[in-house]
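Q: Listed below, chain by chain, are the residues.
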Amino acid sequence: GDSVTQMEGPVTLSEEAFLTINCTYTATGYPSLFWYVQYPGEGLQLLLKATKADDKGSNKGFEATYRKETTSFHLEKGSVQVSDSAVYFCALSDAQGGSEKLVFGKGTKLTVNP
Amino acid sequence: GAVVSQHPSWVICKSGTSVKIECRSLDFQATTMFWYRQFPKQSLMLMATSNEGSKATYEQGVEKDKFLINHASLTLSTLTVTSAHPEDSSFYICATGANYGYTFGSGTRLTVV
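Residue numbers (this note's numbering), protein chains in the order written: chain A, 1 to 114; chain B, 115 to 227.
Among the hints, a few may not be true.
Capping the alpha-carbon separation at 30 Å, the derived lysine-lysine pairs in DSSO-like fashion look like this [stated by the list, open to error]:
1) B:Lys155 - A:Lys56
2) A:Lys77 - A:Lys60
3) B:Lys134 - A:Lys106
Honestly, the hints are just simulated from the structure, not real lab data.
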């Protein structure tokens, strides 16, 4: 079945450092890919998405490119801030696989120190 | 954008009692609502999918008699944890949407003592 594998954390960075969180997926169809962010004590918020190969999703300085050849959707940010500290989830939705449900990776906790 | 209002945000209950969690879609109609459970430091696990006017579809291993889901209208879906036990303590989140990007409720922290 469909699955998402993302790099295990926790990840600790200093402010203004470069961030990469790796995410790879397995899907039967042509999934849409997402990154969600969860701040402490809150629900999930959509950070960015890409619906087809080579699409680049971007928001708040974060970017991720849908790479079909490597089945990857790595999250990057050039200069992190303390306010970026949160848990980040990679996810896919494979509607063509017969379901609209989201499949999540295990999450990566990011801590940014001043 | 679309908003899903989830209540309560947190609840503490005694073992053996039941707790109802509500998710309301504001300003739009949600024909499908997904209910997730998040264990500490773990990912979200889909529990069930509710569809307005029909029975919910439960994921394998989820007790449908313990986690009652009702989706009686296009704007309201409820999850009732019946005869709660400490092992049911968790973070429960509802979500609606499709492959355009889900809208999540803010979550409910359930603690059973």
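Q: Now, for every hint given, state plainly whether the structure supports it.
A: Here is how each hint holds up against the structure:
Pair hint Lys155 (chain B) plus Lys56 (chain A) holds up; C-alpha atoms about 29 Å apart against a cutoff of 30 Å. The hinted pair formed by Lys77 (chain A) and Lys60 (chain A) meets the criterion: a straight-line CA distance of about 9 Å does not exceed 30 Å. Proposed proximity of Lys134 (chain B) and Lys106 (chain A) is supported: the alpha carbons are some 27 Å apart, at most 30 Å.
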